[in-house]
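Number of protein chains: 6
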Amino acid sequence: MSNHLDEFQAYRTRMNDRIAEIDHLGIKRFFNLDSMAYKDGALSAKEKELLGLVASMVLRCNDCIDYHILQCVQAGWKDEELYEAFNVALVVGGSIVIPHLRHAVESLDMAHAR
Amino acid sequence: MSNHLDEFQAYRTRMNDRIAEIDHLGIKRFFNLDSMAYKDGALSAKEKELLGLVASMVLRCNDCIDYHILQCVQAGWKDEELYEAFNVALVVGGSIVIPHLRHAVESLDMAHAR
Amino acid sequence: MSNHLDEFQAYRTRMNDRIAEIDHLGIKRFFNLDSMAYKDGALSAKEKELLGLVASMVLRCNDCIDYHILQCVQAGWKDEELYEAFNVALVVGGSIVIPHLRHAVESLDMAHAR
Amino acid sequence: MSNHLDEFQAYRTRMNDRIAEIDHLGIKRFFNLDSMAYKDGALSAKEKELLGLVASMVLRCNDCIDYHILQCVQAGWKDEELYEAFNVALVVGGSIVIPHLRHAVESLDMAHAR
Amino acid sequence: MSNHLDEFQAYRTRMNDRIAEIDHLGIKRFFNLDSMAYKDGALSAKEKELLGLVASMVLRCNDCIDYHILQCVQAGWKDEELYEAFNVALVVGGSIVIPHLRHAVESLDMAHAR
Amino acid sequence: MSNHLDEFQAYRTRMNDRIAEIDHLGIKRFFNLDSMAYKDGALSAKEKELLGLVASMVLRCNDCIDYHILQCVQAGWKDEELYEAFNVALVVGGSIVIPHLRHAVESLDMAHAR
Numbered sequence: 017m018s019n020h021l022d023e024f025q026a027y028r029t030r031m032n033d034r035i036a037e038i039d040h041l042g043i044k045r046f047f048n049l050d051s052m053a054y055k056d057g058a059l060s061a062k063e064k065e066l067l068g069l070v071a072s073m074v075l076r077c078n079d080c081i082d083y084h085i086l087q088c089v090q091a092g093w094k095d096e097e098l099y100e101a102f103n104v105a106l107v108v109g110g111s112i113v114i115p116h117l118r119h120a121v122e123s124l125d126m127a128h129a130r
Numbered sequence: 017m018s019n020h021l022d023e024f025q026a027y028r029t030r031m032n033d034r035i036a037e038i039d040h041l042g043i044k045r046f047f048n049l050d051s052m053a054y055k056d057g058a059l060s061a062k063e064k065e066l067l068g069l070v071a072s073m074v075l076r077c078n079d080c081i082d083y084h085i086l087q088c089v090q091a092g093w094k095d096e097e098l099y100e101a102f103n104v105a106l107v108v109g110g111s112i113v114i115p116h117l118r119h120a121v122e123s124l125d126m127a128h129a130r
Numbered sequence: 017m018s019n020h021l022d023e024f025q026a027y028r029t030r031m032n033d034r035i036a037e038i039d040h041l042g043i044k045r046f047f048n049l050d051s052m053a054y055k056d057g058a059l060s061a062k063e064k065e066l067l068g069l070v071a072s073m074v075l076r077c078n079d080c081i082d083y084h085i086l087q088c089v090q091a092g093w094k095d096e097e098l099y100e101a102f103n104v105a106l107v108v109g110g111s112i113v114i115p116h117l118r119h120a121v122e123s124l125d126m127a128h129a130r
Numbered sequence: 017m018s019n020h021l022d023e024f025q026a027y028r029t030r031m032n033d034r035i036a037e038i039d040h041l042g043i044k045r046f047f048n049l050d051s052m053a054y055k056d057g058a059l060s061a062k063e064k065e066l067l068g069l070v071a072s073m074v075l076r077c078n079d080c081i082d083y084h085i086l087q088c089v090q091a092g093w094k095d096e097e098l099y100e101a102f103n104v105a106l107v108v109g110g111s112i113v114i115p116h117l118r119h120a121v122e123s124l125d126m127a128h129a130r
Numbered sequence: 017m018s019n020h021l022d023e024f025q026a027y028r029t030r031m032n033d034r035i036a037e038i039d040h041l042g043i044k045r046f047f048n049l050d051s052m053a054y055k056d057g058a059l060s061a062k063e064k065e066l067l068g069l070v071a072s073m074v075l076r077c078n079d080c081i082d083y084h085i086l087q088c089v090q091a092g093w094k095d096e097e098l099y100e101a102f103n104v105a106l107v108v109g110g111s112i113v114i115p116h117l118r119h120a121v122e123s124l125d126m127a128h129a130r
Numbered sequence: 017m018s019n020h021l022d023e024f025q026a027y028r029t030r031m032n033d034r035i036a037e038i039d040h041l042g043i044k045r046f047f048n049l050d051s052m053a054y055k056d057g058a059l060s061a062k063e064k065e066l067l068g069l070v071a072s073m074v075l076r077c078n079d080c081i082d083y084h085i086l087q088c089v090q091a092g093w094k095d096e097e098l099y100e101a102f103n104v105a106l107v108v109g110g111s112i113v114i115p116h117l118r119h120a121v122e123s124l125d126m127a128h129a130r
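Protein chains in written order, with my numbering: chain C, 17 to 130; chain S, 17 to 130; chain Y, 17 to 130; chain P, 17 to 130; chain B, 17 to 130; chain E, 17 to 130.
Hint data in this document are derived by calculation from the structure and do not stem from the laboratory.
Just so you know, same-sequence chains aren't split out, so a pair can sit in one copy or run between any two.
Once the Cα atoms are required to be at most 25 Å apart in a straight line, the calculated DSS-like pairs of lysine-lysine come out as: (1) Lys44 - Lys94; (2) Lys55 - Lys94; (3) Lys62 - Lys94.
Note that the structure is predicted; figures quoted are calculated from it, not measured.
Using the sequences and the accompanying hints, generate a full structural model.
Written out as structure tokens, the structure is:
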């Protein structure tokens with residue numbers, strides 16, 4: 017099974033570098049604000065990553081799902097806990113989320129396989 | 017300040033009763049599945065309500081926001097924690113979420129005022 | 017129970033008249049194309065209205081739901097058939113559709129009450 | 017022309033098996049509810065598949081489109097009827113649906129080519 | 017004709033003040049970034065407001081439409097130009113945008129009537 | 017760097033030809049209406065293409081982004097101006113737009129590289 021997480025991360029790094037090069041003040045600040053939103057605060061970084069994952073699933077964005085799956089695994093969420101989050105996303109977002117549930121399950125397995 | 021949470025809850029109860037009366041097996045099972053998704057499991061009910069709230073905000077559904085605000089307050093989430101969840105939803109979903117952030121903040125204040 | 021279908025139809029007529037007055041060629045043609053899409057063809061007008069209803073529900077637009085509910089009732093769809101269509105929309109679109117399911121059920125009851 | 021329907025079906029089967037293995041009660045029930053929504057009832061299975069197809073197109077999900085195209089062809093919908101459903105989805109969902117219309121037309125041709 | 021723009025602006029001001037009071041750093045920075053995005057730069061403030069309006073229409077947010085209608089009128093866009101922008105939004109977003117087109121036309125008329 | 021714009025254009029041409037062959041009156045008229053929406057009028061073709069680009073970004077459609085990037089470059093928009101439009105789309109649509117921002121930046125670079 018080829019690992020699409022590696023491809024995603026390589027593409028993400030390459031294009032984020034290119035976007036940084038453009039040096040647009042608004043875009044740069046947005047990227048900072050985005051990073052800041054997931055730092056420890058009144059909620060822990062770990063809790064916030066799970067929020068980001070569910071938001072990504074109901075909005076049906078595979079790249080965003082991959083990013084947050086990796087962050088969630090690193091933050092210490094266990095598979096059983098992530099499956100519960102997948103289920104909330106599925107119930108809120110409906111069957112249209114199923115292709116992204118497949119992707120999320122595959123990415124989670126890949127995250128453990130590397 | 018009139019309390020739109022009361023109106024929402026009265027309407028929700030009245031129409032959920034009417035939907036139950038219709039007695040469609042698929043719809044009834046969906047409602048059960050929806051309730052079940054927020055029960056204690058590998059994630060706590062409290063954690064899942066916060067996931068439901070953020071999903072509702074990025075999908076921009078005021079009625080869903082009101083429902084999950086009430087559940088989150090009851091589950092014990094503090095305002096500072098909820099503001100953090102609002103911020104994640106705002107960053108993920110963008111300025112199009114702002115009208116729903118206004119609604120969420122108003123509903124949270126109303127939830128404390130009753 | 018006040019009938020929001022009457023208000024919707026009055027507002028729709030008033031604003032469609034105002035839009036016609038603007039006389040923008042592209043907008044006028046779009047409105048014509050929209051009407052044409054629901055005329056008898058390889059699929060019947062009746063079948064197409066049901067498609068329009070489900071599309072409106074998963075896209076979560078109450079005004080569009082009201083319009084297609086009225087058209088579906090007039091085209092001869094029975095309540096039990098419409099409940100089945102509501103269920104498909106609910107399963108495809110998820111719990112975020114529930115507030116619009118409530119609205120659809122209320123509008124269907126109102127359509128019979130006039 | 018390589019047939020993306022074969023790839024889709026293989027991936028779908030593989031990942032649905034993996035999801036079944038996870039054995040999460042909520043997710044399993046959701047999959048059952050999803051299957052049940054398209055069975056004969058007050059509306060026929062054939063009619064419901066067409067509803068599922070249009071919902072998938074306006075929500076812009078290619079995998080869901082592929083699934084329902086295959087089901088619609090098997091249920092006996094003719095190409096001219098499906099083109100009419102495509103048109104309803106296009107008018108409701110706008111030009112943003114065009115890339116998915118291209119995909120749907122390609123998948124329909126592929127469904128006949130196997 | 018009662019003027020919903022006045023109500024919208026009063027509510028917006030009241031709730032933005034309340035949100036400012038909460039004093040969440042991420043939310044405050046997001047609001048600043050949002051304001052900054054519409055300032056003169058490589059594109060003029062006038063051009064950017066029109067982009068904001070079309071984005072609000074295709075994302076179907078009436079409050080956002082009202083805000084950008086007011087900004088566009090103040091920036092000097094003429095009605096005929098705004099109708100063209102409405103048409104682009106309608107074609108991109110489809111008939112699901114029509115209720116928001118009605119709202120936009122009504123708000124534009126109201127903006128001139130005050 | 018392989019050029020996905022070439023692939024997109026080849027696929028778009030092939031499938032648009034196939035759709036034309038189907039010869040569905042509603043679909044043909046929609047395609048005409050879509051072309052017409054971007055012609056010079058009260059707003060210039062150049063201005064309208066930028067509106068189409070931002071609409072495509074907030075609705076998160078890569079094919080639509082590629083199409084409008086090519087049109088915008090041809091219409092004479094400079095990179096600095098397009099970056100400003102990207103920023104408006106990012107702020108309106110939130111971090112969920114970031115993968116499409118990456119795509120847009122890559123496509124813009126590719127448009128210059130051919």
